[in-house]
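Chains as they are written, first to last, in the numbering used here: chain A, 1054 to 1577; chain B, 1054 to 1577.
There may be inaccurate statements among the hints.
[Unchecked claim] Per label pair, the in silico range of CB-to-CB distance:
| id | chain 1 | residue 1 | chain 2 | residue 2 | range |
| --- | --- | --- | --- | --- | --- |
| 1 | A | 1090 | B | 1341 | 22 to 28 Å |
| 2 | B | 1143 | A | 1326 | 44 to 50 Å |
| 3 | A | 1514 | B | 1212 | 45 to 51 Å |
| 4 | B | 1466 | A | 1220 | 44 to 50 Å |
| 5 | B | 1090 | A | 1082 | 57 to 63 Å |
| 6 | B | 1085 | A | 1270 | 22 to 28 Å |
| 7 | B | 1069 | A | 1288 | 19 to 25 Å |
| 8 | B | 1323 | A | 1100 | 26 to 32 Å |
| 9 | A | 1075 | B | 1085 | 56 to 62 Å |
| 10 | A | 1288 | B | 1212 | 37 to 43 Å |
| 11 | B | 1287 | A | 1152 | 22 to 28 Å |
| 12 | A | 1244 | B | 1514 | 55 to 61 Å |
[Stated by the list, open to error] Partial list, computed: chain A residues near chain B (C-beta under 7 Å):
| id | residue |
| --- | --- |
| 13 | 1060 |
| 14 | 1293 |
| 15 | 1389 |
It is worth saying that the hints were derived from the structure and are not from the lab. Just so you know, even glycine gets a beta-carbon here, dropped at the ideal spot from N, CA and C.
Read off the chains here:
There are 2 protein chains.
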Amino acid sequence: MTELPPYWLRDNCPCAECRDPRNGQKLFQIGDLPDDLAIAASAELDGNLEVLWSDGHRSRYPLAWLHEEAGDDGRTEQGKRLWTAADFARGIPEADWASYLGDPAEQAAVLAAVRHSGFALLRGVPTADRQVLRVAESFGYVRVTNYGELFDVRIEPDPNNLAFTAEAIAPHTDNPYRDPVPTLQLLHCLENSATGGDSGLVDGFRAAALLRDESPEDFAVLTRTPVPFVFRDRRTELRADRPLIDVDALGRIREVRFNNRSIGTLRGDGLESFYAAYRRFAAITLRPELLLTFRLGPGDCLVFDNTRLLHARTAFQQDGHRHLQGCYADLDALSSTLAVLHRRTAALDGIAELFAGEGAGEYLGEPVTMAEHMLQAAAAAEAAGAPDHLVAAALLHDIGHFHGALHGRDLMRGRDNRHSDTGADWLARWFGPEVTEPVRLHVAAKRYLCAVEPGYRERLSEASEYTLRVQGGPMDDRESAAFAELPGAADAVAVRRWDEQAKAPGAATPDFERYRPLLAALMR
Amino acid sequence: MTELPPYWLRDNCPCAECRDPRNGQKLFQIGDLPDDLAIAASAELDGNLEVLWSDGHRSRYPLAWLHEEAGDDGRTEQGKRLWTAADFARGIPEADWASYLGDPAEQAAVLAAVRHSGFALLRGVPTADRQVLRVAESFGYVRVTNYGELFDVRIEPDPNNLAFTAEAIAPHTDNPYRDPVPTLQLLHCLENSATGGDSGLVDGFRAAALLRDESPEDFAVLTRTPVPFVFRDRRTELRADRPLIDVDALGRIREVRFNNRSIGTLRGDGLESFYAAYRRFAAITLRPELLLTFRLGPGDCLVFDNTRLLHARTAFQQDGHRHLQGCYADLDALSSTLAVLHRRTAALDGIAELFAGEGAGEYLGEPVTMAEHMLQAAAAAEAAGAPDHLVAAALLHDIGHFHGALHGRDLMRGRDNRHSDTGADWLARWFGPEVTEPVRLHVAAKRYLCAVEPGYRERLSEASEYTLRVQGGPMDDRESAAFAELPGAADAVAVRRWDEQAKAPGAATPDFERYRPLLAALMR
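Given the sequences, and given the hints that come with them, work out the whole structure.
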């Protein structure tokens, strides 16, 4: 292990002194490390590499981390699905707007399609003015340009762009004269009753990869020639000098800019070879097998990667109306949203595993398992018409028995494991106070109810009566009055009542998966 | 000339069939040109290269255009002023907010400083909440990020970033984990009464150029190693894989990303050489002679290129308050705004030349020159307390005598040159209807006044009486009634009265330059 580069290893020290646990940001400068930094000693222990440094610092690296593979940011061709039209013979990536909004898995699938295939289609997006901005805001931020916050794609009397006419438009990327170029485009169809005006998409990465296969020289010319893209109208004068095909430091295709209309005047050497390569690439982008065609209808919203896909439209007649609204946004925020959705999915998977694993074990002397108990509590909340956040609180109220320094078993041995607090704290990583606070207070609610509601204590199960004493017994008058003042008191009392009802052996018990969409929608 | 590459030449054909005159966008696809395109014949004529193409198309290229030099988009080190702190010993690029808003030349100087030196400081920006957004909107568009539309830089109880603490921050660029990275940052100081908390800037292009000079190998390593920059908090998980120093296809430094805090884990080969190069570059960025330091006071707003400058701050004590508001924006819009300002300056220069050149000649039989006449009309408008747009209309009302197919001299030969229309049309390239319409109607206003105001016609100068007849004589009743209904009629009548007053030989006549700021402020 000691052949690992010392500065690399030290720069990645995960200890709280080196790295802010909240955001992973490093707390030292690379220049703060001594010039003669070396590993003084190292050893593998309990699945970790323990390192003592020449400057006395100690680091501990999980061995699994040491062997992780390189990920990437998803901007290059690597790991993407480069396509031709035939790849979508059985349909294009699409989702219903309502499902996209309500189901994080569906949202993740849409965003993943934009990352991997370069586009996705949302159906049933309300045909309301400015709705396209709401779509962009569902995963990121609108990028304002000289065309405004949004732009209307329809016939204009004095168009400053071919888009605002009825003419056909050949496959192209938008705004190549901007740097940074908007990396995402959205087109939301409000009306399309004209004859013609169909949409087309071409995978520019695929086209570039074909050029690389068929004519590596031409590919190289296009990657190393900065092309001036220009746009000029009364209020605007934009210019960006960028290659038609941009590759990263490792030679992987990273961005395609292709817009014949706005290529300005190249100067200097190599014009002949540039034009030969440009014409060859242009011909590839027009191959029929690359062109995926479809028709946008009212309520359809296309989201696509403007650094990769070329978009096109056929000419249309003025026998009907065609009106799209479009806007720009960026891939980085989309990828972030997708990563956070994946994180949530992983968290839900973790909770599901608790229900299936430890939760299937005995529940502290009750005649049901812990999982059955929590699922029955959720079902009772549902049956009572409780709002989603209280169904979730009922479902997760005892999750703290699995977390923290003390287990639920310790509680039964007379040591309060403070499971309502540890559970609430753990849940706060994903859920807001509307879920966590009833969980936190559900033990206090038992002590409160025993104090203020005649007959409540008598109805407790034997085990619950036992833990009540470990947890401090019924509240005194001062405690009860203070509890009743807490903002979450009523919710906690409600959860507590479902808690008591949820200890029935053999009662109908829903499956955990039933609650996954509800939990996902509540996660922040 | 025929050795020019045919496709290059044809792609740049400026004719209206090939290129939309409104925005310069091309109206054909590169693939529309025949495979055997060739120049059939060419000749130089009247300063143009005339070309007959093998497909029958004809093109005409100004020879001056053929010999133009390559411009660029201003994103690389080329043409920039790479600096060390000593270069600003006599002060940094700065301007007063009011002058910046009121004087296009001042605004252009500020924006040019951001392009060339990477930063500029605006003083006296109102210390109002969200004002930083107004500054960004004065030249471009705000880029929203996970930190919001704007972010408050002050101590926060649970900071997700070192910026929101009182700690010192070493020179760095912001948001390296975004791709596209925000290319501009604004920091607006609302309060700075704490001890410490001074600001620092380092020219990252200069630092990179020093690395290239001192250690070309290390420079090469940094340009070809994609580095994962990462940021993760509760709602965000961003990653961008970009080199610390990005060069364009010609090897010119184009972007610097430097942020020790958010460099993630590199994997793969070359870790040793990367870390050696990274440490060397980091050491260069910390050289005292590179660090320009200054203190932001309330009302100061720093605008800087986040792809080039590293910014820093010293630690501060909590003996006072320090509160900045920041936002991000992009260089492309800033450069566009600057180009449009330059275009306006060129237009004003052109008008100034008309006053100094042709305008200094005889004014159609009057005892003053054309320039004196128009300047006197402007002075009369000013003396009458007219609003700026009418002073401008008075100043420019006869500009049409220099434009259009017929000159003012033709008018005196009995042919109406319709100078009010040609002038208004020409002015409409820069001015709105509040300026152009009184110009357009000032001849009609004479015909109107002669019809409706007893004694008006008798007061006309001899030349004006002559041109009245060429222009159609006094209006009849129907014409007068229609004129009086026009929205700009009253303004046109006012301009007309100043017109008549402005023919006094030897009267005090202001200089054209007096009106340049007023005109500049009215230009769109």
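Going down the list of hints, with the structure as the test:
The beta-carbon spacing between residue 1090 of chain A and residue 1341 of chain B, approximately 24 Å, falls within the hinted interval of 22 to 28 Å. Taken as a hint, the range 44 to 50 Å holds for the pair residue 1143 of chain B and residue 1326 of chain A, whose Cβ atoms sit roughly 48 Å apart. Between residue 1514 of chain A and residue 1212 of chain B the CB atoms are about 46 Å apart, so this pair conforms to the stated range of 45 to 51 Å. In this structure the supplied range 44 to 50 Å holds for residue 1466 of chain B paired with residue 1220 of chain A, their Cβ-Cβ distance being about 46 Å.
Between residue 1090 of chain B and residue 1082 of chain A the CB atoms are about 58 Å apart, so this pair conforms to the stated range of 57 to 63 Å. A C-beta distance of roughly 24 Å is found between residue 1085 of chain B and residue 1270 of chain A, which places it inside the suggested range of 22 to 28 Å. At roughly 22 Å, the beta-carbon separation of residue 1069 of chain B and residue 1288 of chain A lies within the given 19 to 25 Å, and the hint holds. A hinted range of 26 to 32 Å holds for the C-beta pair residue 1323 of chain B and residue 1100 of chain A, which are about 28 Å apart.
Checking the proposed 56 to 62 Å range against residue 1075 of chain A and residue 1085 of chain B shows it holds: the Cβ atoms sit about 57 Å from each other. In this structure the supplied range 37 to 43 Å holds for residue 1288 of chain A paired with residue 1212 of chain B, their Cβ-Cβ distance being about 40 Å. A hinted range of 22 to 28 Å holds for the C-beta pair residue 1287 of chain B and residue 1152 of chain A, which are about 25 Å apart. Between residue 1244 of chain A and residue 1514 of chain B, the C-beta spacing of about 60 Å keeps the proposed range 55 to 61 Å intact.
Because the beta carbon of residue 1060 of chain A sits about 4 Å from the nearest beta carbon in chain B, less than 7 Å, this interface hint is met. Because the beta carbon of residue 1293 of chain A sits about 5 Å from the nearest beta carbon in chain B, less than 7 Å, this interface hint is met. Satisfaction of the interface hint for residue 1389 of chain A is found here, the shortest Cβ-Cβ separation to chain B being roughly 5 Å, below the 7 Å cut-off.
Every hint from the earlier list agrees with this structure, and none is contradicted.
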